[in-house]
Amino acid sequence: MTLHRLTSERFREGADEALADAELQANLARLRGNFLARRARARDSLPEFDELVDEAVGIKNHVLEHLDTYLVAFEEAVEASGGTVHWARDDAEARRIVLNICRDAGASTVTKGKTMVSEEIGLNAWLEQAGIEAVETDLGEYIVQLAGETPSHIIAPAIHKNRRQISALFNHHHTNLEDRESDDLDGLLADARQMLRGRFLAADVGITGANFLVAETGQTVIVTNEGNGDLTQLLCGVHVVLAGIEKIVPTLEDASTLLRLLARSATGQDMTSYTTFSAGPRRGEDHDGPEAFHVVLVDNGRTGLLAGPNRDLLRCIRCGCCLNACPVYAKVGGHAYGSPYSGPVGAALTPSLAGLARTSHLPNASSLCGRCEEVCPMRIPLPGILRRLRDEEAQRGASPPVMRTGLQLWSVIAARPWLYHPLTSLTTRLLALMGRRRGHLPHLPFTGAWTRTRDLASPAGATFQSRWKAGERP
Amino acid sequence: MSDTRPRVALLVTCLVDLFRPSVGFAAVRLLEDAGCDVEVPAQSCCGQPAYNSGERHLAMKVARTMLDALEPFDYVVAPSGSCTGMVTRHYPTLFHGTPDEERACALARRTFELTRFLVEVRGVATTGSRFDASVTWHDSCSCLREAGTRQAPRTLLGAVEGTVIKEAGDREVCCGFGGTFAVKYPAISTAMAQDKAARLEETGADTVLSADLGCLLNIAGVLRRQGSPMKVRHVAEVLAGETAGPAIGEPDP
Ligand code: SF4
Numbered sequence: 001m002t003l004h005r006l007t008s009e010r011f012r013e014g015a016d017e018a019l020a021d022a023e024l025q026a027n028l029a030r031l032r033g034n035f036l037a038r039r040a041r042a043r044d045s046l047p048e049f050d051e052l053v054d055e056a057v058g059i060k061n062h063v064l065e066h067l068d069t070y071l072v073a074f075e076e077a078v079e080a081s082g083g084t085v086h087w088a089r090d091d092a093e094a095r096r097i098v099l100n101i102c103r104d105a106g107a108s109t110v111t112k113g114k115t116m117v118s119e120e121i122g123l124n125a126w127l128e129q130a131g132i133e134a135v136e137t138d139l140g141e142y143i144v145q146l147a148g149e150t151p152s153h154i155i156a157p158a159i160h161k162n163r164r165q166i167s168a169l170f171n172h173h174h175t176n177l178e179d180r181e182s183d184d185l186d187g188l189l190a191d192a193r194q195m196l197r198g199r200f201l202a203a204d205v206g207i208t209g210a211n212f213l214v215a216e217t218g219q220t221v222i223v224t225n226e227g228n229g230d231l232t233q234l235l236c237g238v239h240v241v242l243a244g245i246e247k248i249v250p251t252l253e254d255a256s257t258l259l260r261l262l263a264r265s266a267t268g269q270d271m272t273s274y275t276t277f278s279a280g281p282r283r284g285e286d287h288d289g290p291e292a293f294h295v296v297l298v299d300n301g302r303t304g305l306l307a308g309p310n311r312d313l314l315r316c317i318r319c320g321c322c323l324n325a326c327p328v329y330a331k332v333g334g335h336a337y338g339s340p341y342s343g344p345v346g347a348a349l350t351p352s353l354a355g356l357a358r359t360s361h362l363p364n365a366s367s368l369c370g371r372c373e374e375v376c377p378m379r380i381p382l383p384g385i386l387r388r389l390r391d392e393e394a395q396r397g398a399s400p401p402v403m404r405t406g407l408q409l410w411s412v413i414a415a416r417p418w419l420y421h422p423l424t425s426l427t428t429r430l431l432a433l434m435g436r437r438r439g440h441l442p443h444l445p446f447t448g449a450w451t452r453t454r455d456l457a458s459p460a461g462a463t464f465q466s467r468w469k470a471g472e473r474p
Numbered sequence: 001m002s003d004t005r006p007r008v009a010l011l012v013t014c015l016v017d018l019f020r021p022s023v024g025f026a027a028v029r030l031l032e033d034a035g036c037d038v039e040v041p042a043q044s045c046c047g048q049p050a051y052n053s054g055e056r057h058l059a060m061k062v063a064r065t066m067l068d069a070l071e072p073f074d075y076v077v078a079p080s081g082s083c084t085g086m087v088t089r090h091y092p093t094l095f096h097g098t099p100d101e102e103r104a105c106a107l108a109r110r111t112f113e114l115t116r117f118l119v120e121v122r123g124v125a126t127t128g129s130r131f132d133a134s135v136t137w138h139d140s141c142s143c144l145r146e147a148g149t150r151q152a153p154r155t156l157l158g159a160v161e162g163t164v165i166k167e168a169g170d171r172e173v174c175c176g177f178g179g180t181f182a183v184k185y186p187a188i189s190t191a192m193a194q195d196k197a198a199r200l201e202e203t204g205a206d207t208v209l210s211a212d213l214g215c216l217l218n219i220a221g222v223l224r225r226q227g228s229p230m231k232v233r234h235v236a237e238v239l240a241g242e243t244a245g246p247a248i249g250e251p252d253p
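Protein sequence lines, in the order shown, are assigned to chains V and C. Using this note's numbering, the first residue of the first sequence is number 1, and each one after it goes up by one. Using this note's numbering, the first residue of the second sequence is number 1, and each one after it goes up by one.
Honestly, the hints are just simulated from the structure, not real lab data. A couple of the hints might just be wrong.
Unchecked claim - Selected chain C positions facing chain V (in silico; Cβ < 7 Å):
#1 Phe-19
#2 Val-62
#3 Thr-65
#4 Leu-67
#5 Pro-72
#6 Tyr-75
#7 Cys-174
What the hints assert, rightly or not - The list that follows gives simulated cross-link-like pairs (lysine to aspartate or glutamate, EDC-like), each with its CA atoms no further than 20 Å apart:
#8 C:Lys-61 <-> C:Glu-71
#9 V:Lys-469 <-> C:Asp-252
#10 C:Lys-184 <-> C:Glu-167
#11 C:Lys-166 <-> C:Glu-102
#12 V:Lys-469 <-> C:Glu-32
#13 C:Lys-231 <-> C:Glu-146
#14 C:Lys-231 <-> C:Glu-161
#15 C:Lys-61 <-> V:Asp-286
#16 C:Lys-231 <-> C:Asp-132
#17 C:Lys-184 <-> V:Glu-9
#18 C:Lys-184 <-> V:Glu-13
#19 V:Lys-469 <-> C:Asp-68
#20 C:Lys-166 <-> C:Glu-120
#21 C:Lys-184 <-> V:Glu-76
#22 C:Lys-184 <-> V:Glu-17
#23 C:Lys-184 <-> V:Asp-391
#24 C:Lys-231 <-> C:Asp-252
#25 C:Lys-184 <-> V:Asp-184
#26 V:Lys-469 <-> C:Glu-101
#27 C:Lys-61 <-> V:Glu-392
Unchecked claim - Far from chain V, some chain C residues (derived; all Cβ distances over 10 Å):
#28 Gly-35
#29 Ser-53
#30 Cys-105
#31 Arg-109
#32 Ala-133
#33 Lys-166
In this text, all values refer to a predicted model and were calculated from it rather than measured experimentally. Built from N, CA and C at the ideal position, the CB exists for glycine as well.
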């Protein structure tokens, strides 16, 4: 089980590159506050928001308790409506299943709605290798695909790019458009629309993700703001839905509860522009729709997560809210995480799915400020999960030795007051002498990580406790 | 204010103990003025650095020393949201399933951040101090999200004579300290601190105040390095009227 294009071991380098990239910093700054302010307004205008959250958390917890039952019910319902369900244990199996469906359909072109699982399993590269062209139809995904990049945000894949960059990209790639539209937003949209229209009509297979899978009806549900998901699945012969097994909800009613929360948390909308329910292939009396309907249920590490202590993560509805709230994400952007999932949820989910060996930066690169947990509509205790992953890393003996030794030393001293007091009062007196004149410490061998970029205020002199013990009072 | 004098243990916090003892003395004065008998049981660190670094066993050893030291008091008060949060939120988790769990939970219920304790437990409306300056308040993440301290410092600062509060933008955003995070990922931490410093400076206030020395060292580190005139102090110093000494990161006069 792997995550495609996983490069999380390069987190530090990726972060440094991002911090040094002035244009990226400006692009990320636009994001700050924007989504969150809209979310706050949406939340404030819905008095029952907190009850909705309670209900949603309850629904997902219930599903996770009975996942096997609901998955089987979903499969039966899909089959009753004429569709087919496939089970994929890992990324390789999922890729094989999708490729076989495409081959059976004789496909040379597939269109794709936004699906994170496809990023997870590296579907596009795989299809291209097999000679099948995969075209992303979500505008953000389309931009990212043209640029040969990966999405940098769960719901806004191209958030790291500005209009100038997108325009340059279109100029480069859209050479076959007779008259390139202007470079304003509408012009760029018109360009993309014109390019994509041809692809929708040429596509043999349409692949989408799913925000929810409804067990009682066998329906899959997606939300979009561009309507590209509808075109993807309606204009092709075969519709493939790729979804993680945790996307199940028991009933339509439950799906609508979660939908109310999803749009508000993601973009601050009451409802996304399009909410599409798909149920099986076209029936005799239908005007349109695909001839065949496949759902590929992907595990890829999820059952392991379900059995472990971090199963709360499986409640995630991929709203992206925690990314918008994260001050680390706001500085390093999504690509530094080296995983399809970035931000707080990515830092928790990536090691949980792919193991800590290559991803141990992610749970550590957090100030544990707690803002993600505060905004998460599914009440996922993200800082707690990051802490638990740090525990796991320490137990494997994998944390950096300098850090460990330092902490061990500090803890040994701190657990023994008779050691702590003489040692600390000696050290602080010494440091105070060194820094008194300037108010901050000179560069010392052990303070480099701090003092390279910041001054370090020097201690004032004797410790509080030694002065207190000597009888000093305010 | 109630008439019985509660016995209060000051949880000094290791940063105050080592870097800025004046905050400890200011806290003692404020608590005594609020009708408390203050004691300082011998103590060290709350264990948070180890706890946040996956070293639970080390954290538990340190925390148990603290538990023993702080247990005999009516209340425990810390001039820090972060150390308060460690005791109130994380000790119960840390000791979960151990024989000390109940003790940890009981201690958590009696532990408060200083300004919140003064306002909400002791009913203090003013500390009677004077500070002629415009100040901006840095909400530490632990104050906001763990210690329940948001309004209390604003109430008390609003009652300080000569003080004007100027609120900053992005108040709920972390300053980038995060304990060991600041030295494990210094580049990201500094970038966050620079953003924070920019928001604080935009207010035009003379002084930034907070309840957490960790954040203040971080913010002062960036402001001093940039040569900013903005001063950095712990809120207890201002509330206790002890602002004659140098601000954080400034040389002795
Ligand atoms: S963890 Fe919570 S906030 Fe983050 S994407 Fe998932 S549901 Fe949204």
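Here is how each hint holds up against the structure:
Because the smallest distance between the Cβ of Phe-19 of chain C and any Cβ of chain V comes to about 5 Å, under 7 Å, the interface hint for this residue holds. A cut of 7 Å between beta carbons decides the hint on Val-62 of chain C: the least distance to chain V is about 5 Å, and the hint holds. Because the smallest distance between the Cβ of Thr-65 of chain C and any Cβ of chain V comes to about 5 Å, under 7 Å, the interface hint for this residue holds. Proximity of Leu-67 of chain C to chain V is violated relative to the hint, the smallest CB-CB distance being about 11 Å (cut-off 7 Å).
For Pro-72 of chain C, the interface hint is violated, since its Cβ never comes within 7 Å of a Cβ in chain V; the closest pair sits about 15 Å apart. With its C-beta approaching chain V no nearer than about 18 Å, Tyr-75 of chain C sits outside the 7 Å limit, and its interface hint is violated. A cut of 7 Å between beta carbons decides the hint on Cys-174 of chain C: the least distance to chain V is about 4 Å, and the hint holds. A C-alpha spacing of about 16 Å is found between Lys-61 of chain C and Glu-71 of chain C, which places the hinted pair at or below 20 Å, so the restraint holds.
Only pairs whose Cα atoms come within 20 Å are accepted, and Lys-469 of chain V paired with Asp-252 of chain C is rejected, the gap being roughly 24 Å. Of the supplied pair hints, the one linking Lys-184 of chain C and Glu-167 of chain C is violated, its CA atoms being roughly 31 Å apart against a limit of 20 Å. Restraint check for Lys-166 of chain C and Glu-102 of chain C: not satisfied, since their Cα atoms lie roughly 42 Å apart, outside the 20 Å limit. Between Lys-469 of chain V and Glu-32 of chain C, the direct Cα distance comes to roughly 18 Å. Compliance with the 20 Å bound is thereby established for this hinted pair.
Between Lys-231 of chain C and Glu-146 of chain C the CA atoms are separated by roughly 26 Å; this puts the pair beyond 20 Å, and the hint is violated. A threshold of 20 Å between alpha carbons decides the hint, and for Lys-231 of chain C with Glu-161 of chain C the separation of about 18 Å falls inside it, so the pair holds. Note on Lys-61 of chain C and Asp-286 of chain V: the hinted pairing is violated, with a Cα-Cα distance of about 69 Å set against a maximum of 20 Å. Between the alpha carbons of Lys-231 of chain C and Asp-132 of chain C the distance comes to roughly 13 Å, so the proposed pair stays at or under 20 Å and holds.
Of the pairs offered as hints, the one joining Lys-184 of chain C and Glu-9 of chain V holds, with about 15 Å between alpha carbons and a cut-off of 20 Å not exceeded. Taken as a hint, the Lys-184 of chain C and Glu-13 of chain V pair is honoured in the structure, with Cα atoms around 14 Å apart against an allowance of 20 Å. A hinted pair counts as satisfied when its Cα atoms are at most 20 Å apart, and Lys-469 of chain V with Asp-68 of chain C qualifies at roughly 19 Å. For the hint linking Lys-166 of chain C to Glu-120 of chain C, the alpha-carbon distance of about 23 Å lies beyond 20 Å, and the restraint is violated.
With a C-alpha separation of about 51 Å, the suggested pair Lys-184 of chain C and Glu-76 of chain V falls outside the 20 Å cut-off, and the hint is violated. Restraint check for Lys-184 of chain C and Glu-17 of chain V: the C-alpha separation of about 17 Å stays at or below 20 Å, so the hint holds. Of the supplied pair hints, the one linking Lys-184 of chain C and Asp-391 of chain V holds, its CA atoms being roughly 16 Å apart against a limit of 20 Å. In summary, the hint linking Lys-231 of chain C to Asp-252 of chain C is supported, as the alpha carbons are separated by about 14 Å, within the 20 Å threshold.
Among the hinted pairs, Lys-184 of chain C with Asp-184 of chain V is inconsistent with the structure: their alpha-carbon atoms are about 42 Å apart, more than 20 Å. Of the pairs offered as hints, the one joining Lys-469 of chain V and Glu-101 of chain C is violated, with about 31 Å between alpha carbons and a cut-off of 20 Å exceeded. Restraint check: the Cα-Cα separation between Lys-61 of chain C and Glu-392 of chain V comes to about 18 Å, which is no more than 20 Å; the hinted pair holds. For Gly-35 of chain C, the shortest C-beta to C-beta distance to chain V comes to about 15 Å, beyond the 10 Å cut-off, and the non-interface label holds.
The Cβ of Ser-53 of chain C sits about 6 Å from the closest Cβ of chain V, inside the 10 Å cut-off, so the non-interface label is violated. Every beta carbon of chain V lies more than 10 Å from that of Cys-105 of chain C, the smallest distance being close to 17 Å; the non-interface claim holds. Distance to chain V confirms Arg-109 of chain C as a non-interface residue, since its nearest Cβ pair spans about 20 Å, more than 10 Å. At the 10 Å boundary, the C-beta of Ala-133 of chain C stays outside the reach of chain V, the nearest C-beta of that chain being 19 Å off.
With 10 Å as the threshold on Cβ separation, the claim that Lys-166 of chain C sits away from chain V holds: the shortest Cβ distance comes to roughly 19 Å.
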